[in-house]
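*Asks:* With the sequences and hints as input, model every part of the structure.
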Amino acid sequence: MGGVAVTTQAKLDAPRLRADFPIFEQQIHGKPLAYLDSAVSTHKPRQVLDKLRTFYETSYANVHRGVYTLSERATAEYEGAREKLARFINAPAAREVVFVRGATEGLNLVAYAWGLVNLGPGDLVVVTELEHHSNFVPWQYIAKRTGAELRMIPLDDSGELDLGELDAIPREGNVKVVANNLVSNALGTINPIEKLSAWAHAQGAIMVVDGAQAAPHRAIDVQALGCDFFAFSAHKMCGPTSVGALWGRRELLQSMEPFNLGGHMIRKVTFEETTWGEVPAKFEAGTQPIAEAVGFGAAVDYLNDVGIDAIEQHEHELAAYSLGKMAEIPGITLYGPPADRRAGIVSFNLDEIHPHDVAQILDMEGVAIRAGHHCCQPLMAKLGVAATNRASFYLYTIPEEIDRLVEGLHKVRKVLG
Amino acid sequence: MSEFDQMYREVILDHYKNPRGHGLLENADAQADGQNPLCGDEVSIFVAFGEDGDTIDEVKFSGRGCAISQAATSMLMELVKGRSATEVATLPRDELLDEIGIPLTPVRLKCALLGLSTLKLALHKAKGTPLPDEWAGMADELDLK
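Chains A and B supply the protein sequences, listed in that same order. Per my numbering: the first sequence ends with 417, consecutive numbering throughout. Per my numbering: the second sequence ends with 145, consecutive numbering throughout.
Wrong hints could be hidden among the right ones.
A short list of chain A residues far from chain B (calculated; beta carbon distances all over 10 Å) [said to hold, decoys possible]:
#1 T54
#2 E72
#3 E160
#4 L261
#5 W276
#6 D351
#7 D357
#8 M364
Estimated spans, in silico, between C-beta atoms of each pair [claimed, not checked]:
#9 B:K17 - A:E400: 54 to 60 Å
#10 B:L24 - A:I28: 38 to 44 Å
#11 B:E42 - A:L70: 50 to 56 Å
#12 B:T105 - A:E25: 21 to 27 Å
#13 A:D351 - B:P130: 35 to 41 Å
What the hints contain is simulated information worked out from the structure, not anything from laboratory work. From the three backbone atoms N, C-alpha and C, an ideal C-beta is built for every residue, glycine too.
*Replies:* Pasting the structure below:
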């Protein structure tokens, strides 16, 4: 051993990792749980759960408040988590990472704090037909409030963005914001953020990236992406609910108005007026989800230990495996791009059978998938359906779970076909 | 009977595969659209009254939905045809649920009751009968034209 300067990333061992997740120790309807809904939220490994418990039992206090030992300890853990997150997305500085309630709140923060001040009549906000409601509804709302207009980048038939008509958009107004997800939660499409960032900046616009579905699944480098904001959620990457992070370019964060107002975010308060604190404190009013933020840090540690490149590789393999198997089912419609251009997400419909019925029958087999519009109603309208079924994978997903999904789908056809 | 056999029992599958009263009604006296925001399902209900202006002479529904919502709405059509609108406007939901006869989780209850809520909304719009609980207090926000 020794003497090897560079080692290749080991392939991840999903059956072994599965043992880290207590949720799999139970049965559903008398069958082992096949959890194929990680795109909506992932399960939590013991390492994260233990960290939450230990933190509460040994180090908990409010942060940035007391001078006593416990408060100092809690603050160090909380700020330590911020540093882990900054490294995880290759942010230039930890202070550019703001703790928020989740990607949704991060995107609302940008839409309100930046959009309300900087948008007006004649301005355009460019979003895509592929957005989750969280990166669509805030922009639609803020555009209406400010008199700006919304423009849509369309999808092509394979579920990928069609950038062909992009340069026609600036003829209709001043492009001020381009908003897109790096990975689509509904179809798994991986979007060309680098290209869109360059285009946005050429128009003098900011680039806002919803990274909720991307951060769990592939290495993130916000500097290489070239974006101005990047929002993501802990609960989709083995961390606790109710915490997420928004990275923003320092000069933008500094020039922006605050979003939530209250304790901790101030420099000085008088009866007449208030001045704001430094970034990120300016955006962290009130008591934060402290333990959850610490748990988010532990989740990032866990993902780093597993290896984010190995996770990406594992998901691509599962996507290819499932697309191959599912294509053989009569009456199935598969949505989205080929396996090598998507994350571990497979959206589909089976004959004319309603997704609720598909998911209900699968549940009785112990197989959990999502059925619905995936918070992407404009996309569903584009696909011409009310809803789809969606199976999604993560580091603990094993091919046997996909086999059980396929078996279950045959049963669905037998009952309702 | 297994949970599975209960939920997809024969009568449910029969109504699902051969829905009664499925279609549109030209010149309906009462009409309303309902949505289930959970799944994006939509249902439209059409009612024609008899000469007394109160008896439900014809009732039809259109729209797509899951087996539970389709079967429940189909059963509803049979349940209310020939009855008075005044009576149907306050029809206890248990009367429909008994007809469906399967255990429903809170999520699936919404699927099962979408048709009934929409029918009551249609009657409210046409005759001013009371709104169902789900719509109560929302009259201003609903498009009641």
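*Asks:* None of the hints should be skipped; say for each whether it holds.
*Replies:* We went through each hint and held it up to the structure:
No Cβ of chain B comes within 10 Å of the Cβ of T54 of chain A; the nearest lies about 36 Å off, and the non-interface call holds. The claim that E72 of chain A is not at the interface with chain B holds, since no C-beta of that chain comes within 10 Å of its own (minimum 46 Å). No Cβ of chain B comes within 10 Å of the Cβ of E160 of chain A; the nearest lies about 23 Å off, and the non-interface call holds. Chain B leaves L261 of chain A outside its interface by the beta-carbon criterion, the shortest separation being 29 Å against a cut-off of 10 Å.
Annotated as non-interface, W276 of chain A keeps its C-beta farther than 10 Å from every C-beta of chain B; the closest such distance is 37 Å. Distance check for D351 of chain A against chain B: the nearest CB is about 12 Å away, which clears 10 Å, and the non-interface claim stands. Look at D357 of chain A: its CB is around 5 Å from the nearest CB on chain B, not clear of 10 Å, so calling it non-interface is violated. With a least beta-carbon separation of about 5 Å from chain B, M364 of chain A fails to lie farther than 10 Å from that chain, contradicting its non-interface assignment.
Taken as a hint, the range 54 to 60 Å is violated for the pair K17 of chain B and E400 of chain A, whose Cβ atoms sit roughly 33 Å apart. Checked against the given bound of 38 to 44 Å, the beta carbons of L24 of chain B and I28 of chain A, roughly 41 Å apart, stay inside it. Between E42 of chain B and L70 of chain A the Cβ separation comes to about 54 Å, which falls inside the hinted range of 50 to 56 Å. At roughly 24 Å, the beta-carbon separation of T105 of chain B and E25 of chain A lies within the given 21 to 27 Å, and the hint holds.
The hinted range of 35 to 41 Å is satisfied by D351 of chain A and P130 of chain B, whose Cβ atoms lie roughly 40 Å apart.
In terms of the numbered hints stated before, the structure departs from hints 7, 8 and 9, listed from lowest to highest.
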